[in-house]
Amino acid sequence: MERQKIPIILKIKQMVIIIVAGLIVIWFLTPLVLITISAFALPEDYYQIEKVIPTHFTINQFKILFFELEAWRAILTSIKVAGLTMLFSFVIGLPAGYALSRYIFPGKNFLKLLCLATRMFPLMVLAIPLLIIFMKIGVSDTIWGVALAHTAMVLPMIILISSSIISSISVDYEEAAMIFGLSRIQAFFRITLQLALPGLAASAIFAFIISWNEVFVATILTLTNRTLPAHILKTAMASPDYYKFTAGFIMAVPALVFIFFVRKHLVTMWGISLK
Amino acid sequence: MISFSRGEKNWMPYLLFLPVLIYLAGFVGYPLIKALGIAFTSEAGKLSFENFITLTRDSTFWKALKNTLLFLIIIVPLQVILAFLLALFVNSRFKGYMTILYIISIPLALSDVSAALMSYNIFTSHGFLNKFLMSFGIIETPIYFFGLGLSSRAFWVIVLTELWRATPLVFVILLASLQMISKDYFEAADVFGFSSWQKFFYITLPLTMPSLQSALLIRTLFAFQIFGVVWLLSGRDIPILAGEVYYQQAELNNFQLAATYGFIIALICIIISWVYITFLKAKHLELKK
Amino acid sequence: MRLKGLKKYFERVKAVNDIDLEIRPGEFVVLLGPSGCGKTTLLRCVSGLERVTAGRVFFDNDDMTYLSPKDRNISMVFQNYAVWPHMTVDNNIAFPLRVKKYSQKEIKKRVIWAAKLLRIDSLLDRYPAQLSGGQRQRVAVARAIVMEPKVLLMDEPLSNLDALLRVRMRTEIKKLQESLKVTTIYVTHDQVEAMTMGDRIAVMEQGVLQQFGSSDEIYHNPVNTFVAGFIGSPQMNFIEVEIVSQNEVLCLRTKGLVIPLLDKFKDKVSKISDKRNYILGIRPEHIYVTGRAQTDQVASTKGKVYFAELLRSDTVIHLEKEFGFLVVKAPGDLKVKEDKELEVLFDLLRIHLFDKDTGKAIF
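Residue numbers (the working numbering), protein chains in the order written: chain U, 37 to 311; chain G, -10 to 278; chain D, 4 to 366.
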């Protein structure tokens, strides 16, 4: 009797797993699928109440959104800002990450705490004063301003993540390189950096995406030079529905593509950065 | 750890950290002080609580506070529970769990703007939900979720959207901590004859507690800053604290009030963090005794 | 090579506390000691990976103390090999040469020479992940010898290998060093490795050099109880005794044991006034079972066999005595029964006497 019981229980377990997994997939993927459909749907089809799923598709609204509504400029701005953010945060943050990982020094814990605190702090409170400061320096409403603000957001995370990645690469490799003829800095660049590259690249892309998605600070700091999310916030809601969906789709796609490439590092990175 | 801890290389780590410190001082520290300054400066330019008084007299402020809190109280616990269940499910490592993991992680890459638009796509009058219901004859005319006077309906759409968008954030943290629980504990429990429930209550739950608490804290702090989803789906019909910061600055050009709103958000966050830390630390000390 | 007054402190921990050593060219010196004794720290100071707190390091009268590792013309084999995972074996071995900008031809020649010497020439195109632990270790050694350094440093290179491989590699490394004639400092906690490989052994404990000498000196003339107890397996027997005069013969005495002192030791002892606090040391292999004595200068004592370890190659007998246990190493073919009385003989020429308070050896 025992022997007959076990396969049945297993089968039920399997079915439950499949059902739950299926529900999860539906829950998470449906909105994405739907907006993709809507982004490409012909407006007439959209406005026909009876048609649940549009049958005609077009890339027309993409064209219009891009060119007539100047979305391409916003996209470009977003790319520039995100790129700058990535650059700044790494140039400033990577050395600090190395210091945290490889050295023991007084004040180390304080600095770590500082990074964590900055991460948890509502940086939107900085948006207003930053605007004033930027206006004084003359970088308000420029990509530089937004990038600088975004870097402040992303910096602590980059420091902690790169510190963790570098720690995972044994010091022995650097020391061996130092014995065999390299200086410390050379050993870092030729050995550690090469080994850390996949993880660091993933976190760089991560920084890019955070900047790409950021809407609050970007909206406040820009007037004419808007990033895509800021642009959408200010214009899309006033335009017809189908443009909204196209815009939403455009925002989502690059991020999704990037994430697909770094998916292996996802859990580790978010886990670390949010601890 | 290389420790050139004596001699000339003593200053190296500090040098490496210097850019960070300068940057943070300039772009976080200084603006922070400035924000404080603006919030406490009256129109006339003198130090005063004038802005705060104006704020408390404005009914919108109280509405914004109420709404933000409401969102928080409803969304955050739901998220944490949902995320925990998802994490437990994925952690059981069934066949194909990696794929499910990636799918759950997708919203991590999306901004609240995208999420809001996706919700709009579904719930708007010509959206998929209405079309779907009408094609099955369940309703005759479309149900309106957005628009003036429909803020209670929009509220729930926002809750749903946030649930969809932000649960993966908590999920990832919890999964990471679940994965760190050594299998040995469970194997020992099996040897001692623990049931699944017992294993959960005596091993899983206690060991994930710290992670749960920090996830709760983080989500709470972020929930106070809710902006994009609400603004896109309901404009100012549902005022929220962050939205008011934006409104005051962008539309009314009132830097003082905007900064004051921002300050209040920051203050609340600091207080909450403080309470959490003190609460947690106290517990830890008790455990150590 | 000379180390003078070397000190390395980490905050309050004195990892290396005033060490002086002189090492001859081409010598194979072993730094031996338990975990935490400072031997690895000392090695790292010599290599330059660790900054000394005080003292000096000289290679052939050149002061190396503040030079960075790359300028010292040294090589090192790490405990975990530190073979770079993103490079092939070939590139790993060639690395030191490439950095020093040797010509392509020269590099190729040397790499093949080193690889052949370590018998890994067939693995040159592989990546470390594809190799076994033993193979990776040989890559590390090949890399270390390829540019013929002035000093070769080894930090417990065999500790991560399995027992059989370890024995084999011991011989290989020693033979390698003999043919290359490179000055070598070898760190280990394994006294067997030290005794078999080292020309001279520096025994360390808590940052202090206990004794520096050949294996012969260390085994036969340990300067204190630590060295005496660290070298030799099973460990030397330590028995608390007093010096008494019995029938006009100076003896070492404790409950259940009286050992007469031979003439040659009498002078060393006669100057001592306090006759109470001493420790008698004798190695298990120098206590014989009746009939198997190797000398006739013996003193006998009896005890009950508490436990006998029948290794077959030897028999280690734990004898119960009034003062504690006596460990005796006897031939493997001996038939011993537990709980039976056994008479054993102390080799009077091989006894050691230590001061109880300082641990220092008197003889």
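Treat the hints as calculated values from the structure; they're not laboratory data.
We treat Cβ as the ideally placed atom computed from N, Cα and C, and that holds for glycine.
A few of these clues could be false.
[Said to hold, decoys possible] Taking lysine to any residue pairs in the SDA-like style, the calculated list, with each CA pair at most 20 Å apart, reads:
1) U:K148 to G:Y265
2) U:K148 to G:L152
3) G:K84 to U:S219
4) D:K153 to U:S219
5) U:K172 to G:G18
6) D:K267 to D:Q249
7) G:K84 to U:R220
8) D:K104 to U:I45
9) G:K84 to U:K99
10) G:K84 to U:V56
11) G:K23 to U:G58
12) G:K23 to G:A239
13) D:K111 to U:G217
14) G:K23 to U:A153
[Claimed, not checked] Where chain G lies over chain U, by a calculated footprint (3+ residues, C-beta under 8 Å):
15) 113 to 122
16) 175 to 184
17) 224 to 235
Status of the hints after comparison with the structure:
1. For the given pair, K148 (chain U) sits about 19 Å from Y265 (chain G) by alpha-carbon distance, which is consistent with the 20 Å threshold.
2. Using a Cα cut-off of 20 Å, the hinted pair K148 (chain U) and L152 (chain G) is violated, with the two alpha carbons roughly 31 Å apart.
3. A threshold of 20 Å between alpha carbons decides the hint, and for K84 (chain G) with S219 (chain U) the separation of about 48 Å lies outside it, so the pair is violated.
4. Note on K153 (chain D) and S219 (chain U): the hinted pairing holds, with a Cα-Cα distance of about 19 Å set against a maximum of 20 Å.
5. Taking the CA atoms of K172 (chain U) and G18 (chain G), the gap is near 17 Å; set against the 20 Å cutoff, the hint holds.
6. Between K267 (chain D) and Q249 (chain D), the direct Cα distance comes to roughly 17 Å. Compliance with the 20 Å bound is thereby established for this hinted pair.
7. Taken as a hint, the K84 (chain G) and R220 (chain U) pair is broken in the structure, with Cα atoms around 45 Å apart against an allowance of 20 Å.
8. For a cut-off of 20 Å, the pair hint linking K104 (chain D) to I45 (chain U) is broken: about 68 Å separates their Cα positions.
9. Restraint check for K84 (chain G) and K99 (chain U): the C-alpha separation of about 43 Å exceeds 20 Å, so the hint is violated.
10. Taking the CA atoms of K84 (chain G) and V56 (chain U), the gap is near 13 Å; set against the 20 Å cutoff, the hint holds.
11. For the suggested pair K23 (chain G) and G58 (chain U), the alpha carbons sit about 51 Å apart, so the restraint of at most 20 Å is broken.
12. About 19 Å separates the Cα atoms of K23 (chain G) and A239 (chain G), which keeps this hinted pair within 20 Å; it holds.
13. Among the hinted pairs, K111 (chain D) with G217 (chain U) is consistent with the structure: their alpha-carbon atoms are about 18 Å apart, no more than 20 Å.
14. The straight-line distance between the Cα atoms of K23 (chain G) and A153 (chain U) is roughly 19 Å, inside the 20 Å bound, and the hint therefore holds.
15. Three residues within the 8 Å Cβ limit are the bar, and the region 113 to 122 of chain U against chain G gives 0, so the coverage statement is violated.
16. With 1 residues carrying a beta carbon less than 8 Å from a beta carbon of chain G, the region 175 to 184 of chain U misses the three-residue requirement, and the given coverage is violated.
17. Here the region 224 to 235 of chain U counts 0 residues with a CB under 8 Å from a CB of chain G, which misses the bar of 3, and the coverage is violated.
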